[in-house]
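Taking the hints into account, I'd like the entire structure generated from these sequences.
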Amino acid sequence: GDSVTQMEGPVTLSEEAFLTINCTYTATGYPSLFWYVQYPGEGLQLLLKATKADDKGSNKGFEATYRKETTSFHLEKGSVQVSDSAVYFCALTAGSGNTGKLIFGQGTTLQVKP
Amino acid sequence: NAGVMQNPRHLVRRRGQEARLRCSPMKGHSHVYWYRQLPEEGLKFMVYLQKENIIDESGMPKERFSAEFPKEGPSILRIQQVVRGDSAAYFCASSPGTSGDNEQFFGPGTRLTVL
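Same order as they appear, the protein sequences are chains A and V.
Mapped onto the working numbering, the consecutive letters of the first sequence carry residue numbers 454 to 567.
Mapped onto the working numbering, the consecutive letters of the second sequence carry residue numbers 14 to 128.
Calculated directly from the structure, the hints in this document are not laboratory data.
C-beta atoms are modelled at their ideal positions from N, C-alpha and C, and glycine is treated no differently.
No false leads were mixed into what you were given.
For the chain A half of the interface with chain V, some residues (derived, Cβ under 8 Å), not all of them:
{"no.": "1", "residue": "E495"}
{"no.": "2", "residue": "G496"}
{"no.": "3", "residue": "L497"}
{"no.": "4", "residue": "L499"}
{"no.": "5", "residue": "F542"}
{"no.": "6", "residue": "T552"}
{"no.": "7", "residue": "G553"}
{"no.": "8", "residue": "K554"}
{"no.": "9", "residue": "L555"}
{"no.": "10", "residue": "I556"}
{"no.": "11", "residue": "F557"}
{"no.": "12", "residue": "G558"}
{"no.": "13", "residue": "Q559"}
{"no.": "14", "residue": "G560"}
Here it is as structure tokens:
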């Protein structure tokens, strides 16, 4: 079945460091891909998305490119801030015939130190 | 426009009791999804509902769990005879549609603790 695999955390960085969180997926059809962020004690917020191959999603300095050839959707940010500390989830919705349900990776905790 | 509302935010139950979790979708959204997040894990899909209909319940445990989304009022996730393994955060999300372009908006979650 469809699945998402993320790099294990926690990822600990100093402020202004470069961030990469790897995400790869397995899916039939043509999934849409998402990154969600969860701050402590809160629900998930959509960070960015891409709906077809080679699309780049971007928001708040974060970027991810939908790579069909490598089935990847890695999250990057050039300069992280302490306020970026959170749990990041990669997710997909299935292609044709899907009901819109999201399939999540296990999440990657990011800790940014001043 | 208020976001997705969930209540209660925290719920404590003893083994064998019933838990009822409520979710009010965003205005204009007729699609509701429930997800469960076990400690230190990602979210797992449970059920997808539209008004008065269960569309996909492939992620629901076969026993003790049920969900509804009546014509009027919030969606309800009901867990009968709770066990310690039901302790988790339960998130509801709503969407205006099901295509890949439609964002799901998440509520703050209900954190269920079973003693």
